[in-house]
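Chemist: All chains, please: the whole structure from these sequences, using the hints.
For reference, the chains in residue letters:
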Amino acid sequence: MTLLHWATISPFLLAIFIPLLYKYFRKIHTGWFVLILPLVLFIYYFNYLPVTRDGGTVTEHVPWVPSLGINFDLYVDGLSLLFALLITGIGVLVVLYSIYYLADKKEKLNNFYVYLLLFMGAMLGVVLSDNLIVLYVFWEATSISSALLISYWFHREKSVYGAQKSMFITVFGGLSMLGGFSLIYVMTGTFSIREIIANVDLVTASSLFIPAMLFVLLGAFTKSAQFPFHIWLPDAMEAPTPVSAYLHSATMVKAGIYLVARVTPIFGGGATWFWIITLAGLTTLIWGSVQAVRQKDLKSILAFSTVSQLGMIMSLLGAGSAAYYFNDGDNLLYTTAILAAVFHLINHATFKGSLFMAAGIVDHQTGTRDIRKLGGLMTFMPITATISLFGLAAMAGIPPLNGFLSKELFFTGMVQASQYGIFNLDTWGMFLPIIAWIASIFTFLYCAILFFKTFRGKFQLEKLNVNKVREAPFGMLISPIVLITLVIVFGLFPHILAYSIIEPAMQSILPGILSAGERFEVYITHWHGFNLELWMTIGVFLIGILLYRTMSKWSKFGFYQTEQDIFNYVYDQGYDGLIKGSQVITRAQITGRLRDYFVYMCVFMVLLIFYTMFKYDGFMLSTDNLSPVEPYMWLVLIAFVASIVAVPFINNRMTAIIVTGAAGYLVAIMFTIFRAPDLALTQLLIETVSVILFMLVFVHLPKLKKEKIKSSTKIVNLIVSISVGAMITLVSISAFAFGSETGFSSIREYFIENSKVLAGGYNIVNVILVDFRGLDTMLEILVLAIAALGVISFIKLRLKEGEDV
Amino acid sequence: METLMIILTGVLVTIATYLVLSKSVIRVILGTAVYSHAAHLLIITMGGLKTGNVPILGDEDISTFVDPLPQALILTSIVISFAVTALVLVLAYRAYQTLGTDNMEELRGSKYE
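Chains as they are written, first to last, in this note's numbering: chain G, 1 to 805; chain V, 1 to 113.
Bear in mind the hints are in silico, worked out from the structure with no lab data behind them.
Each hint can be trusted.
PhoX-like cross-link-like pairs, simulated, lysine-lysine; straight-line CA separation at most 20 Å:
1. Lys710/G x Lys23/V
2. Lys296/G x Lys553/G
3. Lys714/G x Lys23/V
4. Lys458/G x Lys296/G
5. Lys296/G x Lys158/G
6. Lys23/G x Lys105/G
Modeler: Okay, here's the thing in structure tokens:
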């Protein structure tokens, strides 16, 4: 275990001690103890920056299950370091914010921080793991800890619903991702991502390429809330706001983005990958932004906006993957989309984190998050209003903030992608920038709604749940202020990120594109001349303002009035349908009638055996090696058949018992005919005792009545019994013929020869029972003893209701 | 002879299955008894029904004895099936005493359902 390993799992280790700290230091808010760890980790990971900046990577190896190729290998390169810094950096701010947000003495802080630390450790594991299985383990740990955090206020029904939904969807994706990883292992024989990338030819050439890709993508899309799996994210807003800010804007939802970026060198370069990711991203982008416009709850708007922004990053990753397709010297031109993806990833984490925190402050200070009740808060909460203004302006893409820059790069990426001239792009490519442009208008619109409906307009104190609105305590404002400062700093000086973080991350997403000594051209600028992108941005602003101005007209439409996403309805109906459907199936077959189960068994057995016999042509009939039929045997046979066939028709219990008993005695006679004196003796005795027992018991049972069975049931019974009988007959005849055909002789010679010599007995059957195979007899005695004890306890033991032995 | 015996076994199994499928507990138990007869006869038949001597050593020629092994197996089986039958009989008796019915249709489910 190296220091890197300890650093990665340190949140888990601290989580063990949180309950103790909570219990013994009640005076100090538990969050202060937690705060130290992400701070230390952030500084620790920050020290790797010089290594990755020069294109270096760090690999640490610790064996876990070496025999299966599963090792706890950590790998630090530009991409994982970017994520590690995001996780720890925003982790610090979120913990700080939560200390003031969850100041209430009634909150279960020990639970909260344990879950949060579990999540932080799991997330660090996801981004730093080199081994696919280890990555999967951490991946599921994020799902579980996320569900725990969403249901933090578990007494609320909606929290539990949201947690369950997010769990279902993300675990469904996680499991399919595991399937994809297994297929990759089948193709390459290794779980190590670096080795897979080194042997990428094996994957590309394999017929499992497409299934593996789809399985892995399903995992990434469910985690990153891509269309149509985005429905869990708005319901996850029932979590405390620090959790929403941390998990559902900055880190966990980007795990899918991370995964797609990580496996781009494996799967990227083809038309399938390009179109699936770009289209999924663009659909999510436009769907999320349109849905966000009609939400009335601050956090719901932010949730759909997160969905839409994640779609934007995803579509950029798809468009940028085309760089692998080109092998000429110009392929650096096609990497703008990847640059935009990485840059927007950072930007989104900064402004979305601060927006969630601001929304939390509004909720905390006014008691509501409904924009219909809020308004005119600017005078009362100037700092929060300023934070929101900058955050929303960045999200809408207004210069000079960082959102503007990444939006321009997004347009550039999409316009470039539409001109690649491959993958049918000359036909469909023009739609990429158009969709991006329309979605940006809606983004602008909901940003405007968020700001103006919350902080401007009429102040309505009577609708709020508090008596007086005042600015939040300073501690709560620190984190959003830090994030907003970053928004402005990254906006004004984007190059402090360019070579230190963005470029190494691009190198990890697109390894092998560069020739030696070359670097990616990262040139981000506010002013790029009068080109198409600038006109697109101006168009977004103009139409966005126009739409906001005319809002009073179109807000009457039914579409705007409802908030429910259609896919929620699909999910809920599907969930209910699944439960009802399985209940119907279960009730249909599990009837509680033993007769039905017996019929299932018989039918299954008959079908299985007949199928096997027909398939392997197993029916045989042997005419030789048979013993002759003596005339007197016919007499016994006929009597036997007659007595047995009569039994079902008898409606008198005494007659039924006696006729069955007669059949038993006829069996004894048959044993006599077949030279088995011991059997005949035993059969006679047992049959006598059985008949007496039957008599004893049946005296106490009600009179046997004529069976009242429906004729359809009767026919089924008849068919089942006849087919079972026919099966036994045919199988036995074939088995007998087969047995005489193989020519293996019986081992009877051994018993006959050695009965006297070895055991000193003349009765061979008895010698077998007590000498050669004495163990059978011993256990048979045991069976008899158990049965006797059972009979006694049935009769003697009479317990009353609820009484125990 | 063997073929005849096997067909007889088939008839026994048919009747036994039909009995087990009926509503009254008595018929079900009788059905199991018929099943065990069928099984015993099938075992002895499959061992071969060559006419020979009873497997008790005396002065007879060694090669003429019938196979003793199936007989030993059946003897074990008879005893076990008797034990089970006795237990099931008492169970039926107790069930009727407690529940007041011997109809398989009514003997289902629990009061907690």
